[in-house]
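S.K.: Chain by chain, the residues:
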Amino acid sequence: MRLITTIHKVLLTALMGLIGVLLLFPIVITFTNSLMTEQELNINYGEIGKLTAATSTDADTFVNLKWLPDQVSLSQYGELLVHSPNYLLLFWNSVGYVVPIIIGQMVVAALAAYAFAKLNFFSRDSLFLLYLLTMLMPFQVTLVPNYIMADKLGLLNSSGAVILPGVFAAFGVFMLRQFMLHIPYAYIEAAKIDGASHFKIFLTVILPMVKPGLAALVILLFVDYWNMVEQPLIFINDPFKLPLSVFLSRLSGEWGTIFAASMLYMSPMVLLFLYAETFFIEGVQLSGIKG
Amino acid sequence: MKKWFFLCAPRGWARWLRRDTAVAWMFLAPSVVGFAVFYLIPFAMGVMYSFMSSSSGGRIADLSNYRELLSSYSFRKAAYNTFYFSVVSVPLMLALSLGLALLLNRQIYFRKWLRTSYVLPLVVPVASVIIIWQMIFDWNGALNYVFSWFGIDRLDWMKTNAARNVVIAVYLWKNVGYNVILFLAGLQQIPKDYYETAQLEGAGRLRQFFGITLVYLTTTTFFVVIMSIINSFKVFRETYLLAGDYPHDSIYMLQHYMNNMFVSLDIQKLTAAAVLMVCGILTVVLGMFGLERRYRQFME
Amino acid sequence: MAMELSKDQVDLKRKKWISIMLLLFFGLLLFFTLFSNTLQSVTLPKVRTEEAMSGGIDYKLEASGILRPVKQEELPNPADWKVRQVLVKKGEAVKKGNILVRYDSTSAERDLEDEIAQLQKLTIEQEGVQDQFKLSIVEGDESTTVKVRRQLKLLNIDIAVQQRKINGLREQLTRQRNLVAPFDGLVMELNAVEGLASNGKPDIVISNRNLGFWLEILADKELVDSFGLVLKEPIHLKTITEGEQPARSLEGTIDDIADAESRITDLPESRGGATATIRQKQLRIHVEDATLKGGEQVSVKLERTSSKKGWLIPNEAVHREGEMRFIFKVELQPGALGNVFLARKIPIEVRESSEWMTMIPVDRLYEGDLIIMESSEPLQDGNRIRLQ
Chain A
1 MRLITTIHKV LLTALMGLIG VLLLFPIVIT FTNSLMTEQE LNINYGEIGK LTAATSTDAD
61 TFVNLKWLPD QVSLSQYGEL LVHSPNYLLL FWNSVGYVVP IIIGQMVVAA LAAYAFAKLN
121 FFSRDSLFLL YLLTMLMPFQ VTLVPNYIMA DKLGLLNSSG AVILPGVFAA FGVFMLRQFM
181 LHIPYAYIEA AKIDGASHFK IFLTVILPMV KPGLAALVIL LFVDYWNMVE QPLIFINDPF
241 KLPLSVFLSR LSGEWGTIFA ASMLYMSPMV LLFLYAETFF IEGVQLSGIK G
Chain B
1 MKKWFFLCAP RGWARWLRRD TAVAWMFLAP SVVGFAVFYL IPFAMGVMYS FMSSSSGGRI
61 ADLSNYRELL SSYSFRKAAY NTFYFSVVSV PLMLALSLGL ALLLNRQIYF RKWLRTSYVL
121 PLVVPVASVI IIWQMIFDWN GALNYVFSWF GIDRLDWMKT NAARNVVIAV YLWKNVGYNV
181 ILFLAGLQQI PKDYYETAQL EGAGRLRQFF GITLVYLTTT TFFVVIMSII NSFKVFRETY
241 LLAGDYPHDS IYMLQHYMNN MFVSLDIQKL TAAAVLMVCG ILTVVLGMFG LERRYRQFME
Chain C
1 MAMELSKDQV DLKRKKWISI MLLLFFGLLL FFTLFSNTLQ SVTLPKVRTE EAMSGGIDYK
61 LEASGILRPV KQEELPNPAD WKVRQVLVKK GEAVKKGNIL VRYDSTSAER DLEDEIAQLQ
121 KLTIEQEGVQ DQFKLSIVEG DESTTVKVRR QLKLLNIDIA VQQRKINGLR EQLTRQRNLV
181 APFDGLVMEL NAVEGLASNG KPDIVISNRN LGFWLEILAD KELVDSFGLV LKEPIHLKTI
241 TEGEQPARSL EGTIDDIADA ESRITDLPES RGGATATIRQ KQLRIHVEDA TLKGGEQVSV
301 KLERTSSKKG WLIPNEAVHR EGEMRFIFKV ELQPGALGNV FLARKIPIEV RESSEWMTMI
361 PVDRLYEGDL IIMESSEPLQ DGNRIRLQ
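Chains as they are written, first to last, in our numbering: chain A, 1 to 291; chain B, 1 to 300; chain C, 1 to 388.
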């Protein structure tokens with residue numbers, strides 16, 4: 001009986017592992033291919049995009065998707081880090097967009113979330129519903145008005161046009177409210193009896209208790225904004241101000257650097273995720289449970 | 001600060017203030033101002049634009065933009081594609097993520113590592129794996145190569161109706177981890193003794209699944225569905241990066257339509273489409289909420 | 001409980017590792033961001049540049065040579081006698097009829113005296129026959145008279161012959177005893193040595209001063225053409241300073257322009273020893289000047305600025321690829337991390353060129369553009385470069 005459960009367990013693990021491998025496949029391939037030389041990549045993938053159903057006659061040319069490089073080489077990274085200063089600049093551009101958004105939204109959202117979670121005021125629920133609904137809308141819905149707004153505020157082609165809407169996005173409010181709802185009123189009442197103002201309560205009682213929530217927010221926002229493509233594409237004209245994500249999507253075909261570029265782009269994200277995985281999962285779950 | 005308010009406010013306000021309202025608005029102020037400037041006002045402006053006729057150039061509120069929009073082939077196509085995509089991909093997503101969550105909730109090895117590997121695609125930036133998708137779904141790509149082993153004719157994935165499947169695959173890959181996490185949380189909330197009681201009463205596995213698991217996951221499921229729909233709109237980014245401004249007809253989404261309207265500066269059409277899209281999303285989401293409420297009442 | 005603790009510790013350790021890696025990652029990127037330009041520039045080709053100049057091209061024709069007389073006469077020893085006296089020195093100016101060399105004519109004089117003696121002998125003999133003739137008339141011996149008359153006639157002929165011979169000898173003596181200048185000129189060469197007979201060379205070479213001098217020089221055909229030189233065109237010459245003599249300027253005219261053998265030179269950018277043949281022309285410049293002696297070193301220097309204007313590029317900066325010619329200029333690209341210099345290939349048409357400079361049309365460059373003269377590595381369009 002015990003043996004059977006063990007076998008059962010192993011088989012199940014194997015099945016799940018297989019699915020896991022399938023899901024990780026693009027990431028792993030990106031990593032291994034980032035260690036190939038340009039020549040090898042050209043040989044393997046040079047055919048991409050060259051043929052279509054209409055033009056192809058030869059049935060035997062296929063992309064040679066390879067797991068492992070013939071020869072491990074750091075040439076892609078070298079090329080990227082030493083010879084492509086633009087890449088590095090755009091990387092810091094990305095950082096320059098993401099960090100202000102995260103910090104700004106954390107501050108703004110924590111304050112608002114406290115109001116939504118722990119204070120009683122007129123039209124609270126309807127206002128919150130409004131927040132919630134905008135969260136659900138795709139970016140394109142407010143594209144034009146946003147553009148006109150940015151124009152009026154003189155933000156076009158400056159990083160503000162991307163950062164400010166990010167700072168005031170509803171997601172942080174929503175998530176931190178979820179976290180704050182779990183804090184019992186008793187803490188606040190106790191502090192009130194001690195004569196603390198709401199602001200002091202917020203700083204000394206609430207904030208320390210939603211630390212996991214803030215951590216989760218950081219990582220979720222990082223995931224979201226590190227990834228953004230549409231906003232900078234619309235609001236930023238100057239190619240030197242674009243974040244890496246936009247640049248990277250135009251890199252296809254440059255075998256000399258593309259995989260290394262992709263790797264360097266995703267690694268802070270992946271590392272941060274592995275570092276704060278528990279917060280991330282907690283954040284996702286908590287935002288879901290009381291949706 | 002509080003004192004100051006008490007001193008200056010008229011007597012009638014005092015009670016009101018005690019009800020946190022003033023404090024609440026102080027806390028809310030930065031968020032609400034920004035939110036209004038960057039979300040609410042723009043949206044209101046959008047609605048306004050959508051009723052302005054472009055030909056008469058005036059402030060005449062009419063529905064000509066909507067009429068024009070609804071009669072435009074590319075809009076209907078885009079709307080249909082978006083709808084079709086959500087209808088197909090959301091159930092698939094639901095089934096897949098629920099299945100994975102159930103399996104992951106069983107007694108297996110490396111559970112934590114497996115969960116990590118399911119969630120990882122979520123955090124990987126789209127732009128950095130686009131090249132891999134291109135390599136897989138190209139005419140000469142890896143998928144067609146695998147097909148050739150089995151003697152299946154190759155498909156031009158990105159340039160035929162099969163492009164739908166590509167987008168669905170990318171969507172599933174990206175978002176399955178998110179929903180698995182949600183389902184796992186839901187599953188862990190179901191008390192273990194329910195199953196034990198059921199087992200004692202002689203209920204089979206299937207009975208347990210439908211009787212306990214699904215019932216207790218209902219709330220989660222509603223949320224997952226809503227999130228899946230929302231995320232299905234976000235798949236535009238992948239499609240856009242994969243196939244550009246004008247992809248194959250079968251994956252030409254509403255967002256493509258709006259983006260292209262933006263590029264061609266057709267503001268009226270764009271805002272009208274946006275308003276319609278918002279109405280659509282609102283209908284679905286509010287419908288889901290309503291459904292959930294009714295279901296809960298029914299359960300009670 | 002203990003297990004959980006250890007699990008927490010493992011988790012903590014893992015987090016520590018990841019945070020170290022994150023820091024390392026950002027540190028590495030920061031390092032490369034700050035230093036990639038510096039790192040990269042070490043590997044870039046180093047170039048030497050010059051600013052492009054605008055203006056006309058300067059043509060310069062410089063040549064020098066030795067003036068040679070147009071005509072000179074070799075005066076040999078007329079009779080191959082020994083030289084008795086040399087009356088002139090090399091380089092001396094002489095007038096027509098001046099005696100240049102006196103020869104030792106003793107043997108000829110002796111011969112002459114012998115012949116004179118012979119004549120005297122014949123005269124005496126004639127006197128004897130005349131006497132016989134007179135006698136025979138007196139005697140009336142007719143046959144003897146005829147005989148003697150005939151004898152006398154013969155003798156008279158002999159005497160005339162002898163007389164002529166003497167005259168001839170005498171004349172020859174006076175002619176050959178001295179070497180006389182045939183025209184006004186300069187003694188160019190003097191081979192006669194007192195006391196010796198001729199050594200096979202002409203005793204004196206004399207130049208004709210009235211006909212002037214020639215200077216022959218070689219010049220590239222292109223250059224000659226660019227100056228538009230034609231026959232009979234006056235040319236300015238200059239003697240080259242020798243010792244204390246000051247340089248003098250002379251006037252000459254072009255006497256002849258003829259094709260000459262081509263010259264072979266290495267190309268400025270010679271990869272694998274490429275050479276070019278350059279066609280040449282020979283110029284002959286005629287100079288007449290009373291003060292000249294011949295043999296002077298003179299130089300010609302012609303300068304001209306072309307009427308057309310353009311950018312002047314030193315020839316070493318011009319590269320060839322088959323028929324195409326191009327130069328590299330420095331392009332400044334405002335890069336993300338400071339400015340970047342690129343080599344930009346610019347095809348050119350050669351408007352005019354000299355041995356040093358090439359002129360290209362005005363629209364090819366802008367004011368202040370830097371032209372790449374030399375590079376440490378072969379360049380291609382768009383290469384990043386490091387300025388020296």
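Keep in mind the hints are simulated off the structure, nothing from the lab. Please read all numbers here as calculations on a predicted model, not as lab measurements. Each hint should be verified, as a subset may be incorrect.
Each computed DMTMM-like pair below joins lysine to aspartate or glutamate, with the alpha-carbon atoms no more than 25 angstroms apart [stated by the list, open to error]:
hint	chain 1	residue 1	chain 2	residue 2
1	B	Lys112	A	Glu79
2	B	Lys174	A	Glu79
3	B	Lys174	A	Glu230
4	A	Lys66	B	Asp153
5	C	Lys293	C	Glu374
6	C	Lys46	A	Glu230
7	A	Lys200	B	Asp266
8	C	Lys308	C	Asp369
9	B	Lys112	A	Glu282
10	C	Lys15	A	Glu282
11	A	Lys241	B	Asp245
12	B	Lys159	A	Glu79
13	A	Lys152	B	Asp266
14	B	Lys192	A	Glu230
15	A	Lys211	C	Glu139
16	C	Lys153	C	Glu139
17	C	Lys13	A	Glu79
S.K.: Is the hinted pair C:Lys153 and C:Glu139 satisfied, with a Cα-Cα distance of at most 25 angstroms?
M.R.: Holds, at about 20 angstroms.
S.K.: Verify the proposed pairing of A:Lys66 with B:Asp153, using a straight-line Cα cut of 25 angstroms.
M.R.: Answer holds: A:Lys66 to B:Asp153 is near 22 angstroms, not above 25 angstroms.
S.K.: Mind checking the alpha carbons of A:Lys152 and B:Asp266 for me, to see if they're no more than 25 angstroms apart?
M.R.: holds, 19 angstroms
S.K.: Check the hint pairing C:Lys293 with C:Glu374 against an upper bound of 25 angstroms on the C-alpha distance.
M.R.: Answer violated: C:Lys293 to C:Glu374 is near 49 angstroms, above 25 angstroms.
S.K.: Given the hinted pair B:Lys174 and A:Glu79, is their alpha-carbon gap at most 25 angstroms?
M.R.: Violated: B:Lys174 and A:Glu79 sit about 30 angstroms apart, past 25 angstroms.
S.K.: Does the alpha-carbon distance linking B:Lys159 and A:Glu79 stay inside the 25 angstroms limit?
M.R.: violated, 34 angstroms
S.K.: Holds or violated: B:Lys174 with A:Glu230, Cα cutoff 25 angstroms?
M.R.: Answer holds: B:Lys174 to A:Glu230 is near 18 angstroms, not above 25 angstroms.
S.K.: For the pair we were handed, A:Lys200 and B:Asp266, check the Cα-Cα distance against 25 angstroms.
M.R.: violated, 50 angstroms
S.K.: Can the restraint linking C:Lys13 and A:Glu79 be considered satisfied, given a maximum Cα separation of 25 angstroms?
M.R.: Cα-Cα ~34 angstroms, so violated.
S.K.: Keeping to a limit of 25 angstroms between CA atoms, is the pair of B:Lys112 and A:Glu282 held or broken?
M.R.: Holds - the C-alpha atoms of A:Glu282 and B:Lys112 are around 14 angstroms apart, at most 25 angstroms.
S.K.: Take the C-alpha atoms of B:Lys112 and A:Glu79, compute the straight-line distance between them, and say whether it is at most 25 angstroms.
M.R.: Not satisfied, since the Cα-Cα distance of roughly 37 angstroms exceeds 25 angstroms.
S.K.: Hey, C:Lys15 versus A:Glu282, does the alpha-carbon distance stay inside 25 angstroms?
M.R.: holds, 17 angstroms
In the structure shown, a violation is registered for the earlier hints numbered 1, 2, 5, 6, 7, 12, 14, 15 and 17, in ascending order.
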